[in-house]
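Engineer: Each chain is listed here by its residues.
2 protein chains.
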Amino acid sequence: MRQLEERIITDGKVLPGGVLKVGSFLNHCIDTKLLGDMAAEIASLYKDAGVTKILTIEASGIAIAAAAGMALGVPVVFAKKHRTTNVEGSVYMTIIHSFTHNEDYHVIVQRDCLDASDKILIIDDFLANGSALRGLIDLVSQSGAEVAGVAVCVEKCFQPGGDEFRAKGIRVDALASIESMTDDGRITFRS
Amino acid sequence: MRQLEERIITDGKVLPGGVLKVGSFLNHCIDTKLLGDMAAEIASLYKDAGVTKILTIEASGIAIAAAAGMALGVPVVFAKKHRTTNVEGSVYMTIIHSFTHNEDYHVIVQRDCLDASDKILIIDDFLANGSALRGLIDLVSQSGAEVAGVAVCVEKCFQPGGDEFRAKGIRVDALASIESMTDDGRITFRS
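Those protein sequence lines, which keep their order, are chains A and B. Position 27 of the first sequence, counted from 1, bears residue number 27 in the working numbering, the numbering being contiguous throughout. Position 178 of the second sequence, counted from 1, bears residue number 178 in the working numbering, the numbering being contiguous throughout.
It is possible that some hints are incorrect.
Which copy is meant is left open, so a pair is good if it fits within one copy or across any two.
Quick list of in silico lysine-lysine cross-link-like pairs, PhoX-like style, CA-CA up to 20 Å [said to hold, decoys possible]: (1) Lys47 <-> Lys80; (2) Lys47 <-> Lys119; (3) Lys168 <-> Lys119; (4) Lys81 <-> Lys21; (5) Lys80 <-> Lys21; (6) Lys81 <-> Lys33; (7) Lys119 <-> Lys33.
The hints are simulated quantities; they were obtained by calculation from the structure and are not laboratory data. As the structure is a computational prediction, the values presented were derived from the model and not from experiment.
Chain A with its partners taken away, still in its complex shape (with noise of 0.2 Å):
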């Protein structure tokens, strides 16, 4: 998606790492034109897809999952980030590593929001390594529903997640593609 790739490269801040920020305009302050023609645009790859449900986690994930709710027309579910192992039966729970953080989280969400019958698209802002995306896979999995695809704005091609998807057999879609970035700011898209 060409507008996302060209604010990426106007107002995205690279830091050495691999790191790139883009909290002006996407994941602290929204600019909610942009927001709103990101979801349009996934609501256009996923309108024939049968979904029934979207699935995301909090927090930066929300915005994007609400908007694509908007627009296809179907519930937006958000899992939560649970301090403690000690939940009630009545939810999905899995756990999720943070590499931002280096520490394991519990994520959970109500049983009675995921049914068997779903075909849940999976929303996230940023897709790198993976791991909050496979343990949103996991939780859809628990519930018996079937995953309709993955759809983030970024991906980082350069880490592994989204590879791991697709040689899994699920489809992903990025709106912008991220081939590589130099520590000195150069960022390349994957056409």
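Starting from the known structure of chain A, fit chain B onto it as the hints suggest.
Structural biologist: Chain B alone, transformed into the frame defined by chain A:
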């Protein structure tokens, strides 16, 4: 907003101690048709208020803030919960007490997300004690921006937050205003 009140009656769950669970349609699984209608209502209430940005706090305020931001055509900033007081000078920080978890959070917004010339609409899903919103008002105040108002999906009028802000001259709008709830599940709305 009658649609939201009816939905709270139908699908909300009252737990002892004044707790209202609306996770099946508002803040865990989100009905995106209702979300769009609530956002349109907030946009209608604030269309002439000169709002330049919306401010909310992760996680459950993000969906309604993003939807309202799209409806009003303004950017959305979400304040982030932070682990430590050890932050750079590039942020505004405040402390918010969570009555749910009985602990204090440090909450931050990057300084370049809020500007002294901004007129900020603060949005959240719930207003009860007002702790989260008091923190957001503090962040706006630190930036020198003006608070245009506070809009929430649900106000528990039997808790003191909303009236405290109104007494200070802050505009407060709730799409559903709960006057009282009984432990056996009867809900009365303020007309």
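Engineer: For each hint, tell me whether it holds in the structure or not.
Structural biologist: Hint check results:
no., hint, in the structure
1, Lys47 <-> Lys80, "neither (27 Å within a copy, 33 Å between copies)"
2, Lys47 <-> Lys119, "within (13 Å within a copy, 37 Å between copies)"
3, Lys168 <-> Lys119, "within (17 Å within a copy, 48 Å between copies)"
4, Lys81 <-> Lys21, "between (22 Å within a copy, 18 Å between copies)"
5, Lys80 <-> Lys21, "between (23 Å within a copy, 15 Å between copies)"
6, Lys81 <-> Lys33, "neither (28 Å within a copy, 25 Å between copies)"
7, Lys119 <-> Lys33, "between (28 Å within a copy, 19 Å between copies)"
Comparing the model with each earlier hint shows violations of hints 1, 6; every other hint is respected.
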